[in-house]
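K.L.:
First to last, the sequence lines map onto chains A, B and C.
If you count the first sequence from 1, position 11 lands on 156 in my numbering, and the numbers rise without skipping.
If you count the second sequence from 1, position 173 lands on 264 in my numbering, and the numbers rise without skipping.
If you count the third sequence from 1, position 104 lands on 972 in my numbering, and the numbers rise without skipping.
If you're looking for bench data, these hints aren't it; they were derived computationally from the structure.
Wrong hints could be hidden among the right ones.
[As the list claims (entries may be wrong)] Chain C regions said to be covered by chain B (calculated; three or more residues, Cβ under 8 Å): (1) 933-943; (2) 953-963; (3) 1083-1096.
Quick caveat: nothing in here was measured; it's all calculated off a predicted structure.
Idealized CB from N, CA, C, for every residue including glycine.
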Amino acid sequence: MSTPYAKLPGWVEYGLIPLINLAVAFLVAGLVVLLVGENPLEAAYHLINGAFGRGEYLGFTLYYATTFIFTGLAVAVAFHAGLFNIGGEGQAYVGGIGVALACLWLDQTMPWYVVFPLAILGSAFFGAAWAFLPGWLQAKRGSHIVITTIMFNFIASSLMVYLLTRVLKPLGSMAPQTRTFAEGGQLPKLDWLLAIFGLDVGTAPFNVSFLLALVAALCVWLLIWRTKLGYEMRTMGHSPSAARYAGMSESRITVITMMISGGLAGMMALNPIMGEQARMQLDFVQGAGFVGIAVALMGRSHPAGIIPAAVLFGMLYQGGAEISFEMPSISRDMIVIIQGLVILFAGALENMFRPAITRLFAMQSRRAAVVAQTKGA
Amino acid sequence: MDFFHVIVVLLESTIRVSVPLIFAALAGLFTERAGVFDIGLEGKMLGAAFAAGAVAAVTQSVWMGLLAAILISIALSLVHGYASITQRGNQIVSGVAINFIVAGSTVILGEAWFRQGGRTPALGEGSRFQTITFPFADSVREIPILGPIYSDLLSGHFLLTYVAFAMVPISWWILYRTRFGLRLRAVGENPGAVDTAGISVIWLRYRAVICCGILCGFAGAYLSLAMTAGFVKGMTAGKGYIALAALIFAKWRPFNIMLACLLFGFLDALAIRLQGNPLPLIGQVPVQLMQALPYILTVILLAGFIGKAIPPKAGGVPYVKER
Amino acid sequence: MDNIAIELRGIDKSFGPVHANKNINLKVRKGTIHGIIGENGAGKSTLMSILYGFYQADSGEILVDGKPVAIRDPNAAIAAGIGMVHQHFMLVENFTVLENVMLGAEDSQILNKGIAKARVELKRLEREYALEVNPDALIEELPVGLQQRVEILKALYRRADILILDEPTGVLTPAEADHLFRVLEQLKSQGKTIILITHKLREIMAITDEVSVMRRGEMVATRTTAETSVEELAELMVGRRVLLRVEKGEAKPGEVKLAVEGLTVKDGRGVTMVDNVSFNLRAGEIVGIAGVAGNGQSELLEAIAGIRRAVSGSVHLNGKPIDVTGHADPAELRDRGLAHVPEDRHHVGLVLKFEECENAILGYHHDKRYLNGVFLNIDAIREDAEKRIAEYDIRPPNPRLKTANFSGGNQQKIVLAREMERGPDVLIIGQPTRGVDVGAIEFIHKRIIEMRDQGKAVLLVSVELDEIRALSDRILVMFAGRVVGERDPDATEGELGLLMAGVEGRKEAAE
């Protein structure tokens, strides 16, 4: 069973099949809309209009997309080394500590462009630290990384509740959150970017961390395809035996990969904390770590695929809000269903339609061969 | 309130919160011992809880509710089975997908059908499980020690509670004393051995997945038909993952599972009890530490620092005939 | 002719382009031990898997006791009275012997009754065939020989009249093998029919009544064992192939480049795969290691290359030790002048999903030439790859093509180019031409000779005896993990064949 499926042209492999999988996921989601007694086409209209119809809507869409680019990249980096990091949620949550500490320390004395780099380092550091232990346990003790990262998500959640209710909360306040940051702890909006296209960002929290996300995507691309470390990660991901033959250290690569992955997940915290709320609240991650799995699967772990996939999910989150406004029986939880369906059809069932498509192409090439023959004669 | 009474109350609530864990962890036991990893316990439980709440509310029958819970949970299990057994997809990815699909659709459908903010209508007496009081429970309560144990600890639970505890020896019996169990354990260790013995690996694994569905159905029904009167959105609140942790902590063995679930349930009950009260000798313990303890313990176990949890050998690997 | 237990008529089976069984006809007489012999890849195991219902034949017929039967799955085979002892045991390791024996033949839904019955039945089988084993022992705690006995008991428990054993002695010590043969004799005397698949001539001669020879998917001959000879079988097995001719001059061996001393390697189960092997490899010579696959050659190569840890012994490269029993690092060995063409290019030597140029640096990616700090110097990598492609005539000449899209011969050239072109002192090569087309074979052989003439030391492992004879200056023959003899390349095929089959080796090693 070394080659279970016949080879297909590149555009089918990387274009058609993912699109079919995505289309099926949306079709099933459409069925749910029907089940609820609404018109799926109308829902689709509200979705797209709600996501792109106005500058403000677009701003929200891109704000969400920023978050998902980070978590999607985090999952993708681990995938390349053959690791399944399901702990992006916890790593992002803990990464928030780094952001909060930088802001609480300097927000009143320094401008944002001094605080921001420190917050980036802090978020990446805390996220990486939270991923280090599962990586180390996998490398040295053989504990299954999927299970440990799940466990670490819950541990992170308890840890953060503790920190936010006991340590980081200002005295005398009841709400489990840090104090609101001064100007130095708030990221400027990218209103000028949308203004170029004649759009008004309005109240949307579309901020500079979007640019950081794009830079991160570029860096991940460089890391995976242009550095020695990335080369080693990919070798291990494709073939551990070849990695051993080439003299690469599996445990070293595992630990480093997990820390990079965790660091990227941690940087997600910048967007909601410094970019929107100007404080760290309970549960600010809101499942973005898991959305990262869907984004990475859909984007085939390539930054060029992850960015559009993240925008798609940003669209779902923002447009979904709009649908629930226009069609009360469809709440934002519709997004969660679509997300699950995308993970199911683009991930677990990614090969479901492949045999049929392969047959189709085999038939066509045979027919083409026959035609060529008759023409020749 | 004397110390003994506190203990009884604590243990009583331990039992109450352990029941869904026991059902779900036993459900995981059946699939994982057959070589199919399942992190979708949470989703199946949630789907079952919703189905139970919805159907019981509509039909006014607790039994129809239970039946619906089991059927929905089996259906979800079959999706997981189709992805991981037939399509040989990634079992982790499939489990994650199911958790999301259920988390979203229970809210959407619940809101569309009942319009109560994702809840199902509160269930009346006839359409939910009632506690069972043992004979003479009230009259013997005054007897020291044994009285409260009989009246408060053993008596006064839901039918499903007793079923859950009965399921422990029953699961053990099925796995270790029946032909089906022997084959199921074998297929999780070496599917080649099962295949060459003339048994269908695929059908066997599907049956294991169905067993998992049935038990998750009970877990969900307990949540919405017994523990509370109706479905509340997201009511599993991570119990599926705790059950998964308990399953690993118990090293995939039925009686250990019961103990692990009781331990994790006890920590939960204790955390609620201790809120704000210092513990003798240790002093104030953060509630969050108690809540995280099951996960921390499982990680330590997985790291091999307290014994070694060895998962079924063929777990997570789709069966492909060798060439 | 009513004493035929099994008859195969015109069995044909292909796996994609591989024609594994071509129109096989075979008759096995009742109450005999029938050997099936052939080299690795001759199609023996495929044929037996068809007989056991694991695969379906594309065409052909199976007759049991003269009646045609359709064997669609192992169940049907079991029902027809066929049992099989697989090469890799099909046992559940954390089950007891009793549980393994019962699995699939439990009698009733509830185990209790079945267990009691199985215990009695097992006792009877033990008595009847002298197959003692503790029914309550866990498989993982049993030595390999006893595990195999459980496999035999499994078949007998299912009332098999026909027993197929696939390479049963591969994992056994000589003493265990002798015991197995006594058991087989016993079974035969009780009227069972036994089919013994092996590539070891000694076993065929020692125990079988009749022997059939397979070669390249075809059944080439059936002989009565008493009327044939080892020489005849060896020749039938190998066939009279067109001798490969490679132009090469005298070797001019220089100083010792690689010194192997008392090297011993065990596999994961603790079975000794390389047993106290010693030899020297000099500059400017090719030493070939001949042997039937599975006799320790692979493990020997891997231990020298630092991929597999040895239990004891030493290896010196250019006079300096390699830490073969500890932390030998393949990357460091490359720097010290050891190049390694692994046997399995699909999983070890190449990453099939990589572009050609990415595989061209596998293992040499630390080389400063390919790096700009932490970054890969893509231009340098592609430039080098293009040069190699031209020199080795790799087609299609596209360094950016996915490696999986190259043919076997071109994939092998990618590996060879990578390992040869950095001027290593020592080159160790496993199966240089497996799955490679004829044109490429010639090219690869020429290159290997050129390496020798440049004064490199070459260690060559191949299951193709012709290749070994054509290229080597000295030939070492491995059997059961030991070097059982050294020969000149002009030794006859028959002489080497006997050594490879372990027939004469025992004597020589003892001397």
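K.L.:
The structure should be examined with respect to each hint, and the outcome stated for every one.
P.N.:
Against the structure, the hints come out as follows:
| no. | hint | verdict |
| --- | --- | --- |
| 1 | 933-943 | holds (count 3) |
| 2 | 953-963 | holds (count 8) |
| 3 | 1083-1096 | violated (count 0) |
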